Amino acid sequence: MTRNRSFARITAALLFVILAAVPLFAAQGKADFSHIVAIGDSYTAGWVNGSLNERHQIFSPAAIFALQTGATLCQPTDSATTDCFAQPLVTWPGIPGELQLTSPSLTGVVATPYNGGPAMSGFARPYNNMATPGAMLYDILNTTGAETQPVTFTQATPFGLVIERKLGSQVDQAVAQHPTFVLAWIGGDDFFLAATSGSAADCGATAPFFNCLTPIDRFKTQYAAVLDKIIAGAPQAGIVVGDFPAAVFTQMPYTALIPAIVLDTTLKPVLNNGQPIPLFGIINGAPAALPLGSTVLLPSATKLLSGTGIPPQLATLPPFNTLPNAGKPLADADVLTPAEQAAIGARITAINAAIKEIAAARNIPVADVTGLFNRIKAGQVSVAGVPITSAYITGGAFGLDGNHLTDIGYTLLANEFIKTTNSAYGTHIPLAPTSRFFQNNDPATAEAISGSNLLTFPTFSPDALRTLSFFTTSPARHFRATSHDETKDRSGEIETRNH
Amino acid sequence: MRRFRLLILISAASLAVSGVAYGSGFSIFEQGAKATAMGGAFAATADDPSAIFYNVAGIAQLRRTEVSAGGTIINFANEFRGDPNDTLTSGGFGEYKHHTFIPPNVYAVMPIGSNITVGVGTFAAYGLRTNWDDPWIGRFISRDANVKTVSVEPAIAWQTSDGRLAIGAGAEYRRSHIILDRNNPAFNPFTQRVFDAVNAHLSSDWDSAWGWNVGILFKPSPTWRLGASYRADMTIDYKGEAVFTQIPSGNAIVDAGVKAQLPPGQKINTSINYPATAIVGLAHTMGVWDVEADVTHTTWSRFKELDINFETTPALSFVRPQNWEDTFSYRLGTNGRVATHWDVRMGLIYDENPQPTEGVGPLLPDSDRTALCFGVGWHNGPFAVDLAEMVLHFKRRSTNGLSPEFNGTYKTDANLIGINLGYKF
Chain L
1 MTRNRSFARI TAALLFVILA AVPLFAAQGK ADFSHIVAIG DSYTAGWVNG
51 SLNERHQIFS PAAIFALQTG ATLCQPTDSA TTDCFAQPLV TWPGIPGELQ
101 LTSPSLTGVV ATPYNGGPAM SGFARPYNNM ATPGAMLYDI LNTTGAETQP
151 VTFTQATPFG LVIERKLGSQ VDQAVAQHPT FVLAWIGGDD FFLAATSGSA
201 ADCGATAPFF NCLTPIDRFK TQYAAVLDKI IAGAPQAGIV VGDFPAAVFT
251 QMPYTALIPA IVLDTTLKPV LNNGQPIPLF GIINGAPAAL PLGSTVLLPS
301 ATKLLSGTGI PPQLATLPPF NTLPNAGKPL ADADVLTPAE QAAIGARITA
351 INAAIKEIAA ARNIPVADVT GLFNRIKAGQ VSVAGVPITS AYITGGAFGL
401 DGNHLTDIGY TLLANEFIKT TNSAYGTHIP LAPTSRFFQN NDPATAEAIS
451 GSNLLTFPTF SPDALRTLSF FTTSPARHFR ATSHDETKDR SGEIETRNH
Chain V
1001 MRRFRLLILI SAASLAVSGV AYGSGFSIFE QGAKATAMGG AFAATADDPS
1051 AIFYNVAGIA QLRRTEVSAG GTIINFANEF RGDPNDTLTS GGFGEYKHHT
1101 FIPPNVYAVM PIGSNITVGV GTFAAYGLRT NWDDPWIGRF ISRDANVKTV
1151 SVEPAIAWQT SDGRLAIGAG AEYRRSHIIL DRNNPAFNPF TQRVFDAVNA
1201 HLSSDWDSAW GWNVGILFKP SPTWRLGASY RADMTIDYKG EAVFTQIPSG
1251 NAIVDAGVKA QLPPGQKINT SINYPATAIV GLAHTMGVWD VEADVTHTTW
1301 SRFKELDINF ETTPALSFVR PQNWEDTFSY RLGTNGRVAT HWDVRMGLIY
1351 DENPQPTEGV GPLLPDSDRT ALCFGVGWHN GPFAVDLAEM VLHFKRRSTN
1401 GLSPEFNGTY KTDANLIGIN LGYKF
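Chains L and V, in that order, give the protein sequences.
Quick note on numbering: the working numbering labels position 68 of the first sequence as 68, and the sequence is numbered without any gaps.
Quick note on numbering: the working numbering labels position 395 of the second sequence as 1395, and the sequence is numbered without any gaps.
You may find that some hints are simply not true.
Stated by the list, open to error - From chain V, some residues computed to sit far from chain L (all C-beta separations above 12 Å):
no., residue
1, A1069
2, P1111
3, I1112
4, V1120
5, G1211
6, Q1266
7, T1312
8, S1317
9, L1402
Claimed, not checked - Dumping the calculated DMTMM-like pairs for lysine to aspartate or glutamate here, alpha-carbon to alpha-carbon at most 25 Å:
no., chain 1, residue 1, chain 2, residue 2
10, V, K1304, V, D1237
11, V, K1219, V, D1162
12, L, K419, V, E1358
13, V, K1304, V, D1233
14, L, K377, V, E1405
15, L, K419, V, E1405
Think of the hints as simulated: they come from the structure by calculation, not from any bench.
Bear in mind the structure is a predicted one, so any value in this text is a computation, not a measurement.
The beta-carbon is built from N, C-alpha and C at its ideal position, and this holds for glycine as well.
Sequences are here, hints too, so could you generate the full structure?
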């Protein structure tokens, strides 16, 4: 009897523990991926090689995430009632025309000299992927595409018309879809647009907010406002957010590739008494030698080719005296100084702390994007043994614009969100395989794949299917060489090339 | 001015066929249809010419000149499924190209005087082929691995006049040939895809070594038999050739970059430490039924590393740790003399694998095995025909996320059919 009674007591105690534990697990729950919605910026949109286009949108982090949960991607011919993951597909070569590599040099990176156009502008429901290039938190909350007087970078681009289509802001359209799961890697352009414009200035109290850092208090308010709108509108929806790499400008070719010192033709520093010679540029409104540790932004490299930034004292000496602009200073916006880097880094650190705090208060998991960028920088990422690094052109992680990822990079990024989701929600989404990005040029492989293996990929629109030729045949791409100086394609100049 | 050097990153190490080597799977214990039907539990029986392989002392029992020739028809069915938590292999699938392997065996024995028997046998005690079917996402680790061996063994055995004790010894001359083939990838900055840059094909000559083996067979009573045999370890030093073949990428600039780094075809060398095998068996006769249980111990721990040296480009040389472990296999067999000319047989096998989890890969995904065997024997006058069927199941083997390069689960099944024809003079 005694034994039975103690057995009963133990059982009761165990039951209590189990019952008490259930709510904890239930809070994690199983996520429902039947209607995924993504909000965010160019990264989540699938911006590759300075362009938003269908060939890469099919590998956007949002699309990859959705595919891995079992969704299919909408084709342009699909109707609003089709059960598919809709994205604002833009026909190749995209908006703006995609950068392509024509020869293995900096000047070999050229933009396709014409644009594509929206392929699904009449799609009769909001897109599942609402992510809009350039979107700051302000845009996610406010921009609808109806703005006539742009006050943000995004509003100055056509992307509001292409993606929001005057149907409401990103977050409003996200909520209106009754999402079951929301991918919300947001807030990046609250520092990224400044960093890639050579600026670390805070945004003012009132609009406009071009190329500036969002003050941290406003960031917190807006970030929480986006999440709270989702929670209020879709209380059952799972949500995942992500942090930002605080050292991102040392990890992106765009801001890390070119040191602001005099380089020779092989990109080796020219030394004077053993010391590198600083370039010459505008700091705080006046020309001066740029402090060591400054970097020249990638699109400004063409200025260096003509001699801009060569210090006046060298400008008359050979070989610099043959360069037409030797002795002229680089603009403030061409350069990221150590002080600017430090200010931006500190802001990102503060942003990450805010994201963790705001997300934790709402029981939302935070994907470790910082970890991914650090591993890429440290050479710890590979595909089939091939190192995927942050090197420009050849590294594999960053595209030809130098500040966005490649399809491979976005797959790795999507996998960070999948891992975090699995871990937080107890789900088992398989990681997206990088083996998708084997070119499969070996004849035996190509022959084995031809035809049938396409079935393992979701159905894509005709233009996107052309991309899949990479998977099926040896590519015979013909690049249009152009004298048009398009290496200056940086996000801030999109509108100038969009007709 | 600022030209970027286009560096197609083909790391030196990746050009070599690195990758893990072979497995317990590359020992072949099926060297006679009667023994195979009995699950290889044959060391204490050893009453046909295949005793040269299983327990050389057994040939002393054979008091007529005999020949036996046969083969084992081996068919594999296997599949690989990628690990959903591996960013390379997730969702991936692979299987072997279909091959039927028929390692042959031929034995001849001849008694000399009343106590001694001499014999010679040829068999293939080791062999492996993992040849993955295209398209194969693991082709950058291994596309084809092929190990062939063939042994010739002269043997001699002596028994006491009452036949209760026999001892024997053999000298094994083993020849072997290895092929390793894989592709080497690189990043194509024009397509931003990982492409097949170079095929590396490593092929050895037929190289050889000598080994030895001994056996003992003891019959304490008319119904009990005890057998033990030992086949010594061997090391074969291989010489061979590496051939690097560029695979066109479709882009002339990329191809020029690869070509500039393509190493020359060159001599290579390696050596493989083959294990020693010790067998102990106990057999008992109950009426028309013989039952035997054997334990086999294989010193796979000799296989510590795979070390391939490139003679022209030493930078390509690599050492790859294997860290295999010794293994036991357990075998149970029975033979029933159920009719005048007919025997029926059954066997069961449990065979441990030597391979640590982190070493499981496309070159050899080994696993613990279980097998169920059946067979019949027909003998009439000088003629004997033995048939065996073995259903071999490999336990599903997962890398459990421990592989540094290629995680997933391997599932293998095999079917073996043994046939031997014998004639007594």
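### Query
Is K1304 of chain V close enough to D1233 of chain V, meaning Cα to Cα at most 25 Å?
holds, 14 Å
### Query
For the pair supplied as a hint, K377 of chain L and E1405 of chain V, is the alpha-carbon distance within the 25 Å limit?
holds, 19 Å
### Query
Looking at L1402 of chain V again, its CB stays over 12 Å from all of chain L?
The claim stands: L1402 of chain V keeps its Cβ more than 12 Å from every Cβ of chain L (closest is about 16 Å).
### Query
Minimum Cβ separation between S1317 of chain V and chain L greater than 12 Å?
S1317 of chain V clear of chain L: closest Cβ-Cβ about 17 Å, beyond 12 Å.
### Task
Take a quick look at whether K1219 of chain V and D1162 of chain V sit within 25 Å of each other, Cα to Cα.
Given pair K1219 of chain V, D1162 of chain V holds - Cα atoms ~10 Å apart, limit 25 Å.
#### Entry: Non-interface label on V1120 of chain V, tested against every C-beta of chain L at 12 Å
holds, 42 Å
### Task
Would you check whether the claim that I1112 of chain V is not at the interface survives, using Cβ distances to chain L and the 12 Å cut-off?
The assertion about I1112 of chain V holds, with a minimum of 55 Å to chain L.
### Message
Verify this label for me: G1211 of chain V is non-interface relative to chain L, using a Cβ-Cβ cutoff of 12 Å.
### Response
holds, 37 Å
### Task
Against chain L, does A1069 of chain V hold up as non-interface, every C-beta pair farther apart than 12 Å?
holds, 37 Å
### Query
Hey, K1304 of chain V versus D1237 of chain V, does the alpha-carbon distance stay inside 25 Å?
Holds - the C-alpha atoms of D1237 of chain V and K1304 of chain V are around 15 Å apart, at most 25 Å.
### Message
Can you confirm whether the C-alpha distance between K419 of chain L and E1405 of chain V stays at or below 25 Å?
### Response
holds, 19 Å
### Message
At 12 Å, judged by beta carbons, does T1312 of chain V keep clear of chain L as stated?
### Response
At about 23 Å from chain L, T1312 of chain V clears the 12 Å cut-off, so the statement holds.
Of the numbered hints given earlier, the model fails none.
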